[in-house]
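S.K.: Read off the chains here:
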Amino acid sequence: MLDRAGVSLTLNGAPARLASSPLDRLSHALREECGLTGVKVGCDAGDCGACTVLIDGEPVCACLTAVGQVEGRAIETVESLSRGGDDVRRLKAAFHAQGAAQCGVCTPAMLLAATALLRKNARPSEIDIEDALGGVLCRCTGYRKIIEAVKIAHNFDPAPGPAAPRDGAVGRRLARLDGERKISGAEIFGADEWPAGALLARVVRSPHHHARFFFGDLDAFQRAHPGIVAIFTAKDVPGENCFGVIAPFADQPALAERAARFRGEAVALIVGEDGAMRGLDLAAFPVRWEPLPALMTIDEAAAPDAELIHPGRPGNILTSGRVARGDVEAELAGADIVVAGEFETGFVEHAYIEPEAGFARRIGDRIEVQACTQAPYMDRDDVAKILGIAPEQVRIVPSAVGGGFGSKLDLSVQPFIALAAWKLNRPVRMIYSRNESIMTTTKRHPARIRARVGAMRDGRLLAMDFAADFNTGAYASWGPTVANRVPVHASGPYRMPHYRALTRAIHTHCVPAGAFRGFGVPQTAIAQEQLYDELALKLGIDRLEFRILNALQAGDSTVTGQVFKDGVGFKACLEALRPRWREALQAARAFNESAAGPMRRGVGVAGMWYGCGNTSLPNPSTMRLGLTPDGRLTLFQGAVDIGQGSNTVIPQICADALGAPLDLFDLASADTDTTPDCGKTSASRQTFVSGKAAYLAGRAMRREILRLANVGEEATIRFDGDAVLIAGAGGERRVQLRTLPINSAGFVVEVQETFDPPTSPLDENGQGEPYAVFGYGAHLAEIEVDVELGRVKVLRLTCAHDVGKAINPTLVEGQIEGGAAQGLGLALMEEFFPGKGENLHDYLIPSVGDMPPVESILIEEASSIGPFGAKGIGEQALIPTAPAILNAIHDATGARITRAPATPDRVRAAILALRKKDHD
Amino acid sequence: MYARPAELEAALDLLAEPGARILAGGTDIFPAAGERPLAAPHIDVTGIAALRGLSMAPDEVRIGAAITWSELAKAELPAAFDALKAAAREVGGAQIQNRGTIAGNLCNASPAADGVPPLLILNAEIEIASRRGARRLPIRDFITGNRRTALAPGEIVTAIIVPTPQPTMRASFLKLGARRYLVISIVMVAALLDIADGVVREARVAVGACSAAAKRLPTLERRLLGVAAHPGLGDLAASEDLALLSPIDDLRATAEYRRDAALTLVRRAVEACLAGQAGGIV
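Here the protein sequences line up with chains D and P, keeping their order.
Throughout the first sequence, residue numbering follows our numbering, covering 2 to 921 in sequence.
Throughout the second sequence, residue numbering follows our numbering, covering 427 to 708 in sequence.
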């Protein structure tokens, strides 16, 4: 019997002993007892593979292995790979150079699974690689760069490349500056660090979509469970029990009062010693539920007699949006051709591999929160509001973020850990289970869209009438943003002289819908781009040429009346697809003509645009840059890198703006005590807005340095150790930095610059200048449908994006491939049903075998506003994938899928319905 | 309590402990536990050598209960086991296949258990031990419903016994899911054909994830007997053959779709047997 005796094993090459209970999950013991936090926990169910370790050389999920079962076995975690041989160093170097790690949370598992493969087979085929990595999910990369890294690992040169280039960083394929620690497993994510003696927090949540609740004897429950230190309910919230990302709409309580408005809403917070909390059965908590009728759909909630979910929001309408110009009705009546359609999408889960986690501690009259987040300053203000203290009393230190995609803009663990640490004056940590993460955090808004579009016989678009309702769930979150952004985008980047788009965000008793990569625009594109295909087909015009004919160009007016004089590269994106489009169509026709079996191939294309930054609202970023006496530069970079690469791209911009080599830069990452506000990592704004602030800071630093030598702008500067050499008309001057006065921050020169993209408010018809810059793109999808089973396989994606300037092409491709993977999921498999399947085996995201090769085509139609002409890419990449795939399904089968995702049963039903119609 | 006995006898003694549960690969027990630590006494049977072997006698093949999917996929077995091996390669990912055991899959008794249809077409029997002695049950009697088995308190599955198949038998397994890896089956089908002198001498077809427990299709099996083994054989399958299935609507698909897809997969699995293809995920 092994109880109490401990377990002996070989751990990362050395004899070790585990004292954890033999029935504990091995993942838990390795993290908590051994401190091997490179073992990530993503689901505790074997669904994501993030906790992969090697046992006697074979990959297994540590979360499904009991500690007792590893007696006498040899275990390797990612930490052991730092001592690996040449093969391991080659693999890691290939991962780093290829950009195979984005957020880095699946990277340890990917590396271990790949290591196990490469030990047996140094030159694996693509299928071998996919089979080996099939048990690990990645949500950021779209897998292609991981596959490539494993493929080339056998002869990849692990020697570190030359130091950062001295002749310009912008446009270079630099490996990410924070990549080493992602690949070593040393990166600290939300769950990976906690102060000694930290208490553990868990939350009691509503099992009903809508219910009143009544607490029993909480004191008795606490007394009966030694180790519980405190139980908090709404009455214990010292400040305002209300938060929300858009202050005027804030409506969500940290802990519900009297009634829960969605399944999973928090009603009580329990804090205690680790062991007591882990064994606690939350189902035994003394709370009585009185279920109430729940409004789950748009129709139920918008019914005239529906109960109001929030008093003061009549009709359960959170907010509505409108953009209108021209005379839509008259023009549709006069159009040669009009098509109409109704489209629907469901809730989509972000499914980042890192569940929400963090810790808080009170230091005097201040509270510090270290957690995964996309929006540190917004967190600061809401935590302050909930605790009833000043924002300056709150310090937010973002941990590394294991994927965000919009959901980590909203508070998750922060109110709980902050409240408990504040009240108890002890450090408190919390880690969401996967179930908790899926059940309670925001989702993509389900949409119901009705639209009509008219065109002239020559193919010119004339008018669009668009109406969309969004199920925004129980609380506001980003519902207003979706409702306002969608009407600006629903035409797509095409000339549309007559236009009316109306939107409503409607409350239901569902989990709050919030921000998810694209803020409603991906749903909209599913409708708009399928209708444009219908129009082209009816007009007998090639579907790509129809889009080229109508493509918005510089000098054209958008549907809000905005005219861009430069930086409109949509037509160039479409034209870049033309060669592949023609080849693909021909190949698909040839395949189908000779097809004897059930497989049919199809090709689809879809376009998109996306306004970078907030819609007609200020969203400034501020960047601080200091020069030390020894000639190093510190960039206070508050833009949170959630895997997209701002920790690399923003210094690249700053370095070139200043004219300094990148290796002189030290990065001070986001921390509300030290870095100025760079806003939130959302709306594809960090490269554009924070990047521009970094550009301005670089230029300002250059000006200040030139001023030291009293020379003009045309002078050149060169950094040389603790000196700067300034060459101007009057010859070269050497400024010894150590001779200059040092400010209180330790710098001899310090600058701070702010950029806020120029926009104007929209009038009552939505006319105005909502964004300073749009990004543009188009995807071409080649697919195969098994018409008997309705199963769709994507064979190849070609993705053209106008990014203005690709600051780092490898990272841009990473965004495109990762975005396309999420678009593929939206098209084919992803839908969350509240109350069902709150796990990663019922909620499916693409696996390594679902992503086809992706060819990225980067178009650089510079915007005069962005840094070096750059625009955002984060959200752009996801938007056209799903409509391109849905259009390809129609091309292959003739069946139009109006309800996403196109799961096998829906595709098969659509094919059968079409056959029946043809028969009748 | 956690115990890892080396002998079956010791495991059976330990199983007398009230509430004791058997732990093998852990791939179902840990997910079911969720956030709560495992509380009941668990008897880890993976240390019992007798449960880990795979042996072939003249009249039967014995697969130890604690054989993992990875071990099974690599094992040298007659062609009739190709469907089982194809299923072994599609249960979860490599991480699951390296831990999950064949008997665990049966004892968990999920309607979507990938191991069941291939064992149904092998006419497998389940060998069960307890302090009362040993017994054998045909697999169709072992799985009694959705997550229900005939296993009585104090009993352990020790092996899966398969009557040695004819060398002429071919088998295939087709799994339908909504993604390539790590996917729970929407429908899966296993088929076995024994062809001699150009005609079907024996046919066995089983469908999973379309009823509480996977089922054989006796009317189809009878119809295939004596028929010439030419391509197109699968078309003999008709929707009436699937009438005994009772698929449900769930997150993965509608019942109507399952019935439709099952017929397609049955036809294809029969064709795959003819073509000597082991199948896999479609």
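Since the hints were made in silico from the structure, they are not lab data.
Where is the CB? At the ideal position from N, CA and C, for every residue including glycine.
A few of these clues could be false.
Here are a few chain D residues that sit away from chain P, every Cβ distance over 10 Å (derived from the structure) [unchecked claim]:
| id | residue |
| --- | --- |
| 1 | R90 |
| 2 | E535 |
| 3 | R581 |
| 4 | N711 |
| 5 | R792 |
What follows is a set of in silico ranges between Cβ atoms, one per label pair, in the way DEER data are often shown [claimed, not checked]:
| id | chain 1 | residue 1 | chain 2 | residue 2 | range |
| --- | --- | --- | --- | --- | --- |
| 6 | D | G73 | P | R561 | 28 to 36 Å |
| 7 | P | E682 | D | T298 | 49 to 57 Å |
| 8 | D | S761 | P | E682 | 47 to 55 Å |
| 9 | P | E502 | D | G280 | 27 to 35 Å |
| 10 | P | A669 | D | P599 | 54 to 62 Å |
| 11 | D | M600 | P | T645 | 24 to 32 Å |
| 12 | P | R561 | D | G280 | 33 to 41 Å |
| 13 | D | E291 | P | G571 | 29 to 37 Å |
| 14 | D | T298 | P | E502 | 39 to 47 Å |
S.K.: Among the hints numbered above, which are violated by the structure, and what are their numbers in rising order?
M.R.: Violated hints: 5, 7, 9, 10, 14; rest satisfied.
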